[in-house]
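Asks: Please arrange chains F and L on chain A, whose structure you already have, making use of the hints.
Chains as they are written, first to last, in my numbering: chain A, 191 to 574; chain F, 172 to 434; chain L, 162 to 468.
Since the hints were derived computationally from the structure, they do not count as laboratory data.
Some hints could be false.
[What the hints assert, rightly or not] With a cut-off of at most 27 Å between alpha-carbon atoms, the simulated DSSO-like pairs for lysine-lysine come out as follows:
id, chain 1, residue 1, chain 2, residue 2
1, F, K298, A, K570
2, F, K321, A, K242
3, A, K570, F, K404
4, A, K567, F, K404
5, A, K570, F, K278
6, A, K258, F, K322
7, A, K570, F, K295
8, A, K359, L, K440
9, F, K303, F, K250
10, A, K258, F, K294
11, L, K253, A, K561
12, A, K255, F, K322
13, A, K359, F, K184
14, F, K295, A, K255
15, A, K567, F, K298
16, F, K250, A, K359
17, A, K361, L, K440
18, A, K570, F, K237
19, F, K303, A, K255
20, A, K570, F, K321
21, A, K567, F, K250
22, F, K295, A, K258
23, A, K200, F, K294
24, A, K567, F, K237
25, A, K361, L, K253
26, F, K184, A, K567
27, A, K258, F, K298
28, A, K567, F, K303
29, F, K298, A, K255
30, F, K313, A, K567
31, L, K257, A, K561
32, A, K570, F, K313
33, A, K242, F, K322
34, F, K322, A, K561
35, A, K570, F, K294
36, A, K567, F, K370
37, A, K258, F, K321
38, F, K404, F, K237
39, F, K370, F, K250
40, A, K361, L, K257
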Amino acid sequence: MQGDRGYLDKVKIFFAECFLLGLFILFMRVEHIIGILILIFGMGACWYIYDKLENVQISIREILKREKIFSMILTFVILVCVPIFLKDSVYLLNLCIWAGIYVMLATGLNYQIGSTNIVNLATAASYGIGAYTSALISVHTGISFWLVILIAGCASGFMGFILGLPTLKTKDYYLTLVTLAFGLIVYLVLNNLEFTGGPNGIGDIPPPTIFGYSFRQDLHIFGMTLPYHVNFYYLVLFLASFYTLISNRLYHSRVGLTWNAIREDEIAAKCVGINTTNYKILSFVINCFLDGMTGAVYAHYVSFISPENFQFFLSVVVVTMVILGGIDNVFGVVFGAVLLTLLPEKFRVFQDFRLMLYGVIVIATLIFRPKGLFPQKLRKYAEG
Amino acid sequence: MSGLLETTDLTIKFGGLTAVDQVTFRVDQCEIVGLIGPNGAGKTTFFNLITGIYRPTSGRILFQGKNTVGLPTFEIARKGIIRTFQNLRLFANLSVLDNVMLGMHNKQRSQWYHAIFWNSFAKKEMKEAAEKAGELLSYFSKELVEDRYKKAAELPLAHRRRLEICRALASDPVLLLLDEPSAGMDTEETFALMEDIGKIQERKKEIGIVIIEHDMTVIENIAKRVVVLNYGKEIAQGSFAEISQTPEVLEAYLGKRDADAEA
Amino acid sequence: MLGFLEQIINALLLGCNYALIAIGFSLFFGALNVVHFSHGDVCILGSFVFIILYMLAFSVKLFNVLPPCFGVLVLIAATVVITGILGMLFEKVVIKPFRNSNALMPLVATVALGLIIRETIRLFYPEGSNPQIFPDVLPQGYFDISGFILRYDNLIILFVTFAVITLLFFFIRFSSKGRAIRAVSQDTEAAMMMGIRLDSTIAMTFLIGSGLGALAGILNGAYISLIRFDMGLMSGVKGWSAATIGGLGNIYGAIIGGFLFGFVETFACAYVPGGTAYKDVFAFSVVIFFLIFRPSGILGEKVYEKV
Numbered sequence: 191m192q193g194d195r196g197y198l199d200k201v202k203i204f205f206a207e208c209f210l211l212g213l214f215i216l217f218m219r220v221e222h223i224i225g226i227l228i229l230i231f232g233m234g235a236c237w238y239i240y241d242k243l244e245n246v247q248i249s250i251r252e253i254l255k256r257e258k259i260f261s262m263i264l265t266f267v268i269l270v271c272v273p274i275f276l277k278d279s280v281y282l283l284n285l286c287i288w289a290g291i292y293v294m295l296a297t298g299l300n301y302q303i304g305s306t307n308i309v310n311l312a313t314a315a316s317y318g319i320g321a322y323t324s325a326l327i328s329v330h331t332g333i334s335f336w337l338v339i340l341i342a343g344c345a346s347g348f349m350g351f352i353l354g355l356p357t358l359k360t361k362d363y364y365l366t367l368v369t370l371a372f373g374l375i376v377y378l379v380l381n382n383l384e385f386t387g388g389p390n391g392i393g394d395i396p397p398p399t400i401f402g403y404s405f406r407q408d409l410h411i412f413g414m415t416l417p418y419h420v421n422f423y424y425l426v427l428f429l430a431s432f433y434t435l436i437s438n439r440l441y442h443s444r445v446g447l448t449w450n451a452i453r454e455d456e457i458a459a460k461c462v463g464i465n466t467t468n469y470k471i472l473s474f475v476i477n478c479f480l481d482g483m484t485g486a487v488y489a490h491y492v493s494f495i496s497p498e499n500f501q502f503f504l505s506v507v508v509v510t511m512v513i514l515g516g517i518d519n520v521f522g523v524v525f526g527a528v529l530l531t532l533l534p535e536k537f538r539v540f541q542d543f544r545l546m547l548y549g550v551i552v553i554a555t556l557i558f559r560p561k562g563l564f565p566q567k568l569r570k571y572a573e574g
Numbered sequence: 172m173s174g175l176l177e178t179t180d181l182t183i184k185f186g187g188l189t190a191v192d193q194v195t196f197r198v199d200q201c202e203i204v205g206l207i208g209p210n211g212a213g214k215t216t217f218f219n220l221i222t223g224i225y226r227p228t229s230g231r232i233l234f235q236g237k238n239t240v241g242l243p244t245f246e247i248a249r250k251g252i253i254r255t256f257q258n259l260r261l262f263a264n265l266s267v268l269d270n271v272m273l274g275m276h277n278k279q280r281s282q283w284y285h286a287i288f289w290n291s292f293a294k295k296e297m298k299e300a301a302e303k304a305g306e307l308l309s310y311f312s313k314e315l316v317e318d319r320y321k322k323a324a325e326l327p328l329a330h331r332r333r334l335e336i337c338r339a340l341a342s343d344p345v346l347l348l349l350d351e352p353s354a355g356m357d358t359e360e361t362f363a364l365m366e367d368i369g370k371i372q373e374r375k376k377e378i379g380i381v382i383i384e385h386d387m388t389v390i391e392n393i394a395k396r397v398v399v400l401n402y403g404k405e406i407a408q409g410s411f412a413e414i415s416q417t418p419e420v421l422e423a424y425l426g427k428r429d430a431d432a433e434a
Numbered sequence: 162m163l164g165f166l167e168q169i170i171n172a173l174l175l176g177c178n179y180a181l182i183a184i185g186f187s188l189f190f191g192a193l194n195v196v197h198f199s200h201g202d203v204c205i206l207g208s209f210v211f212i213i214l215y216m217l218a219f220s221v222k223l224f225n226v227l228p229p230c231f232g233v234l235v236l237i238a239a240t241v242v243i244t245g246i247l248g249m250l251f252e253k254v255v256i257k258p259f260r261n262s263n264a265l266m267p268l269v270a271t272v273a274l275g276l277i278i279r280e281t282i283r284l285f286y287p288e289g290s291n292p293q294i295f296p297d298v299l300p301q302g303y304f305d306i307s308g309f310i311l312r313y314d315n316l317i318i319l320f321v322t323f324a325v326i327t328l329l330f331f332f333i334r335f336s337s338k339g340r341a342i343r344a345v346s347q348d349t350e351a352a353m354m355m356g357i358r359l360d361s362t363i364a365m366t367f368l369i370g371s372g373l374g375a376l377a378g379i380l381n382g383a384y385i386s387l388i389r390f391d392m393g394l395m396s397g398v399k400g401w402s403a404a405t406i407g408g409l410g411n412i413y414g415a416i417i418g419g420f421l422f423g424f425v426e427t428f429a430c431a432y433v434p435g436g437t438a439y440k441d442v443f444a445f446s447v448v449i450f451f452l453i454f455r456p457s458g459i460l461g462e463k464v465y466e467k468v
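If we strip away everything but chain A, and leave its shape as in the complex, we get (with noise of 0.2 Å):
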């Protein structure tokens, strides 16, 4: 019986999943406006299906559970032949790619929005300290860029532990206002020293080797020639995939646990003995760490950057996604950064409002929906 129960929920997987990847290259393919309307509308009406109805809820969750392994291991398969179906179209992949930058920036601003209730709104800034790190180094020495991507997210770590440094002594919207300041403080920096290039920016990066192959070239594999920018590609799904992987875990562990303690009560949880101020230094470390090896893949794949790249309104485009997707849940915020990329994009005719259409599904999302669209449940324990 469990054996068969464990088949049956197998196959149940198995055809979601690839259901899902229809639907996604569908998504991603399709032009006409009518059909465009159609998918989001019924997009729509299954995320407000899965939403009302709590047993839905529960029993995915449960097939989830019990096949976590084999549903992470189709999923991450699948996600590896996505490319497959996007080879003759690099603008395609290019979005894909984005949609995992953003992935990565996301899951670690919810460390901070989602996990301990503190908005920072320097993302640009850390992001751009690796870029502008990575850049450099790779510029001007010959040093690998897996060494390279490290020293980056150190770069923008030790920025995030001296704009943790005021949470001693400052409260929630001092600092927000202090993030926001660094942020501004870091564009000007950039956009004047002539170190980093000034306006003009650092060009030429170096695309990433691995053993003499370039991730410039193209990818000739199983008679098929995909674009180089499939190995950007992968090299992203690898990262994004680690990120998710790093949320889960924390989020499950104790220091998850104290993070939502920080931000449900501080003082009770000053007096179960939590050193706040640690855990929330820690949160802006691991947040700007995880940005400046974003920042650093970002700069090695378009190979050239300019302080244009890092300007505030990309700290709220990030903010947007986390609030969107979910506050403090891994897959909300993982699903707000994928659809807040790609569906601005079938509205390309609307480009130029995709700001302010930021600030308002922000606003809007805040009024009635303020957990997101996918919020966060309790913890449940294996428990003997």
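Replies: Showing chains F and L alone in chain A's frame:
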């Protein structure tokens, strides 16, 4: 037995207001001391001073013989001074079990690098903590165990107060400070509370407890010694029977004319 | 020496701008304990509203009817009122829904609102992304005091600012509405129990704060003759910093903070080599210094959280 907690001439001034005025206080192991007084007498402020939330203007606080003035709140909690709050400070959007597990924060050792790189260790520790928390809850209330995955904010008041006490106990305190634990409870619930406090002593005999209360039934039944504050100053100390006859205490609660009538 | 005096004037003028914006922040924080991140953008919105009204005035030949000086005053008054009303509306939409929620929500919501305001200007104002010329509404010309140039428009800006601040002082101190505002900022619940209408008092607070901000935007526009849709972000952050230095919730503090900020920025710009680019960095360093060592600001009161 040595004094668990001793304060000497403890004072705090907020601008022109002296909220706690040269209070010399002592509680020993295995003792339950009641702290009473009219509203605004400085009782909660006194707790805030002991737990490091406020820094005294002058005076000393010695815990197990060592000075605690100037230590941050979380350090004082780690030393074993744990409190509950007058208006309840639960982690409202977390589950009952989460709340108790957070009480065990200091007993756990897993850090962020365990979570990321050695996840099995982190998970095991959480699992063990969940089991211990469940066991602690069951010691106090079957209902709390059943509701352990419910959001703390959704519980009725008496259960929430009990939960706060459980969370306090999860920290394995040496000194427990209870701030009006029976506020808002009816007679039945108050009785259950007194039983709970009895259970606390059974479970850990050496624990010292200071309890702020307005409900004199509770004080009468469980406090060995009572200290009375008014306007920040200590006005009486002794057993319940003694202080309930002291004229200054009657005056503080009832006013002068009625106090005279009573006496 | 002359150069130094000139810098003093510059610092005072900059200080006027920041002070007027900072007052708004202090008012809002005092009334609602909320940080209005888009206040700076509302100020710039005021500048744009003024330009629009100015062009409208020309098309209806207002200046043929009224003497220019009077006409300008009418325009300024109209801008202040309109922006004040807009400010009130923004509060209703973006801050009121969160009155009883977690403090971080109105914070994020006002950040989003700021973005929306900036984008609206950029998209709907013709050539919105480019800098716009602000009309020369202040009299040109100057006093020449033995080589020291004192421009009329600078004097007017200083005069207007001080006049408005004085008026505000009297209003807050002596009028019943002003008392209501002070009561609400001291203790909202007690004020309500005394019969003060919370909603209309808050609306009034935003009307005044946003109106003052619009005035700041107009004076600033007149001073530097050029405005851009995205200036609001920086002015907002600076105004907020100034209010913080002075002590949030305290209007006098906001004024002191504003002028202090103006002085630090001007003198960093003038006397530190390469300072122009980094003047903002200096200014923010001062803020961070305050936040760490004296978070309640110069005139703020130490607030004890009720436990």
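Asks: State for each hint whether it applies.
Replies: Quick rundown of the hints versus the structure:
no. : hint            : verdict
1   : F:K298 x A:K570 : holds, 10 Å
2   : F:K321 x A:K242 : holds, 19 Å
3   : A:K570 x F:K404 : violated, 48 Å
4   : A:K567 x F:K404 : violated, 48 Å
5   : A:K570 x F:K278 : holds, 20 Å
6   : A:K258 x F:K322 : holds, 26 Å
7   : A:K570 x F:K295 : holds, 14 Å
8   : A:K359 x L:K440 : holds, 25 Å
9   : F:K303 x F:K250 : holds, 21 Å
10  : A:K258 x F:K294 : holds, 16 Å
11  : L:K253 x A:K561 : holds, 21 Å
12  : A:K255 x F:K322 : holds, 22 Å
13  : A:K359 x F:K184 : holds, 21 Å
14  : F:K295 x A:K255 : holds, 17 Å
15  : A:K567 x F:K298 : holds, 18 Å
16  : F:K250 x A:K359 : holds, 23 Å
17  : A:K361 x L:K440 : holds, 26 Å
18  : A:K570 x F:K237 : violated, 40 Å
19  : F:K303 x A:K255 : holds, 24 Å
20  : A:K570 x F:K321 : holds, 10 Å
21  : A:K567 x F:K250 : violated, 33 Å
22  : F:K295 x A:K258 : holds, 18 Å
23  : A:K200 x F:K294 : holds, 25 Å
24  : A:K567 x F:K237 : violated, 43 Å
25  : A:K361 x L:K253 : holds, 25 Å
26  : F:K184 x A:K567 : violated, 44 Å
27  : A:K258 x F:K298 : holds, 18 Å
28  : A:K567 x F:K303 : holds, 22 Å
29  : F:K298 x A:K255 : holds, 16 Å
30  : F:K313 x A:K567 : holds, 24 Å
31  : L:K257 x A:K561 : holds, 18 Å
32  : A:K570 x F:K313 : holds, 19 Å
33  : A:K242 x F:K322 : holds, 19 Å
34  : F:K322 x A:K561 : holds, 15 Å
35  : A:K570 x F:K294 : holds, 12 Å
36  : A:K567 x F:K370 : violated, 33 Å
37  : A:K258 x F:K321 : holds, 25 Å
38  : F:K404 x F:K237 : holds, 24 Å
39  : F:K370 x F:K250 : holds, 22 Å
40  : A:K361 x L:K257 : holds, 22 Å
Hints 3, 4, 18, 21, 24, 26 and 36 from the list above are not met by this structure, while the remaining hints are.
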